[in-house]
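Participant: With chain A's structure known, arrange chain B on it following the hints.
The listed protein sequences derive, respectively, from chains A and B.
The letter at position 206 of the first sequence is residue 215 when you use our numbering, and the numbering goes up by one with no holes.
The letter at position 108 of the second sequence is residue 945 when you use our numbering, and the numbering goes up by one with no holes.
Treat the hints loosely; a few may be bogus.
[Claimed, not checked] Derived list of chain A stretches under chain B, where covered just means 3 residues or more per stretch with a C-beta under 8 Å from a C-beta of chain B:
(1) 84-95
(2) 115-126
[To be verified] For the chain A half of the interface with chain B, some residues (derived, Cβ under 10 Å), not all of them:
(3) Q34
(4) F36
(5) R133
(6) L139
[Claimed, not checked] Just a few of them, taken from the derived set where beta-carbon distance is under 7 Å, the chain A residues facing chain B:
(7) N129
(8) E131
(9) E132
(10) V146
(11) P148
Keep in mind the hints are simulated off the structure, nothing from the lab.
As the structure is a prediction and not an experimental result, all values here were calculated from the model.
Idealized CB from N, CA, C, for every residue including glycine.
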Amino acid sequence: MRLPSPPKPPSLRAEQIILFRISGQIFAVSSASVKEVRSVDTLAGAAKEISNSAIRKVRHVVQRGEHSLYVVNGAVHFGLPPSPAALVFVLRRTRTALLVDGIEKMTSMTRLQALPQAFNNEERGWYRGLTAIDQAVIPVVKPEGFLTPDELLLLDSSQQASSAAMADLIAQLPADDLASIVGTEDDAAGLRSDSATLGNRSDAPPFGFKSVGLDAASAQTTHGEQDSSSKIISTFQPILTIDASDLATAASVASRISSVSTIAKPTSDDSSDFRFVQFDSDESTSYIQ
Amino acid sequence: MSPTTETTADSFVLLRLGERRFAVAASVIAELVAPSRVFRFPHQTREIEGVILRRGRIVPVCDVAEKLIGKSLRSRRFYLIAQRRYATQTEWVALPVTGDCELIFAEMIPASEADLPHVAGWLSHAGDVIEVLNLAALTPGPGVASPSTDASLTHAQEALL
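So here's chain A without its partners, still in its complex pose (with noise of 0.2 Å):
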């Protein structure tokens, strides 16, 4: 007679996570939420500064085709001490681009704790929950968390009225004045200063390619993780009119990169087929099935 066979254990499975650190403090989020990791040099060119933002941690728009990316700065976002970020995650599914100081790692998580509900401020919205990797606890943050619907439409209201104005003044100018305010040399040099204040960085190169930083970021991988970041950096977009030198260096970069998709899951793009199974309520635990 045939004893039956144990039951299987429920096979865990992992969840792709990047460790990104702000003002010292290390965070997780799943790599399937990033869609594009940039260098704050690289967006520099493309972000413009709003004035007087009604939003004390956005101080950038990108315009991205008919929707406004708003730049999150992180350490103000979870109330850390100031620092200087050197790069952008582009989230997905949301309007944010987030300012970190680097990348720690690429690791996977096989459990993702709720966060405990002794937590009943507003970091309920910032996390997914709580991890533990390599005996440390980790947070897990919620992509959709960075910018509330009201602090996205407050932005899009003040976008609006900006561009609104903005309208009103290109209309009562002269023909001659206005065609010396566009897409004229001093355009480009207000860029680059946005670059500097973007990333207060006053070693900020002007443009695109040149400003890639990969190297930055390869250096603050650790722990051999360097394959990880080099599939991270996602493709870069070349950023206003680029001379030969950009497209040799582009070439160099080009080598080196590949699109974040590859390493965030092997599922196409949005679909993060991760299910979060509550097996013990009472331990208010999610295991990632």
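Facilitator: What follows is chain B alone, placed relative to chain A:
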């Protein structure tokens, strides 16, 4: 007999915070653990210091000393792991204590309406009158009940945890 004078015999864990002693129903205590690393991350719940890792669980550390004795414990900290019941589930919370805890059997006099919300009752031990703590009122949680509701929590309700 008035409900306020009713007594119940049960087991309690006596804990020390500074010079004062408090009691918690033994039925809600999981264990007393040695000082361990507190992991901190940004949040806005003032009473929570951080979290500790215990038996694979992530347990919030709730400093009740500030509320009870007016100052936080800075040294000789052990953690009394207790169960905190919420609306739909029970979770562990770690209470920093000075370490010398004691299990006693005593009769508790339930709290009256005049008592503070965090007082579940009173007991007499070795010549001292000791507050029995109501963890539901003492530690933070979502949708914190109003003080009057907290005060009405009885020892029997605590024992259900």
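Participant: Are the hints correct? Go through all of them and say.
Facilitator: Verification of the hints:
With 3 residues having a beta carbon nearer than 8 Å to a beta carbon of chain B, the stretch 84-95 of chain A meets the requirement of three or more and the stated coverage holds. Coverage of the stretch 115-126 of chain A by chain B holds. Counting CB-CB distances below 8 Å, 3 residues qualify, and the rule asks for three or more. Given the 10 Å rule on beta carbons, the hint for Q34(A) holds: about 6 Å separates it from the nearest Cβ of chain B. With a least beta-carbon distance of about 8 Å to chain B, the hint placing F36(A) at the interface is held under the 10 Å criterion.
For the restraint placing R133(A) at the interface with chain B, the shortest Cβ-Cβ distance is roughly 8 Å, inside the 10 Å limit, so the hint holds. Hint status for L139(A) relative to chain B: holds, with the closest Cβ pair at about 5 Å, below 10 Å. Below 7 Å, beta-carbon pairs count as interface contacts, and N129(A) has one with chain B at about 5 Å; its hint therefore holds. A cut of 7 Å between beta carbons decides the hint on E131(A): the least distance to chain B is about 5 Å, and the hint holds.
The interface hint given for E132(A) holds, since its Cβ lies 4 Å from the closest Cβ of chain B, which is under the 7 Å cut-off. Given the 7 Å rule on beta carbons, the hint for V146(A) holds: about 4 Å separates it from the nearest Cβ of chain B. Interface hint at P148(A): satisfied, since its Cβ lies 5 Å from the closest Cβ of chain B, which is below the 7 Å cut-off.
Violated hints: none; the structure is consistent with every hint.
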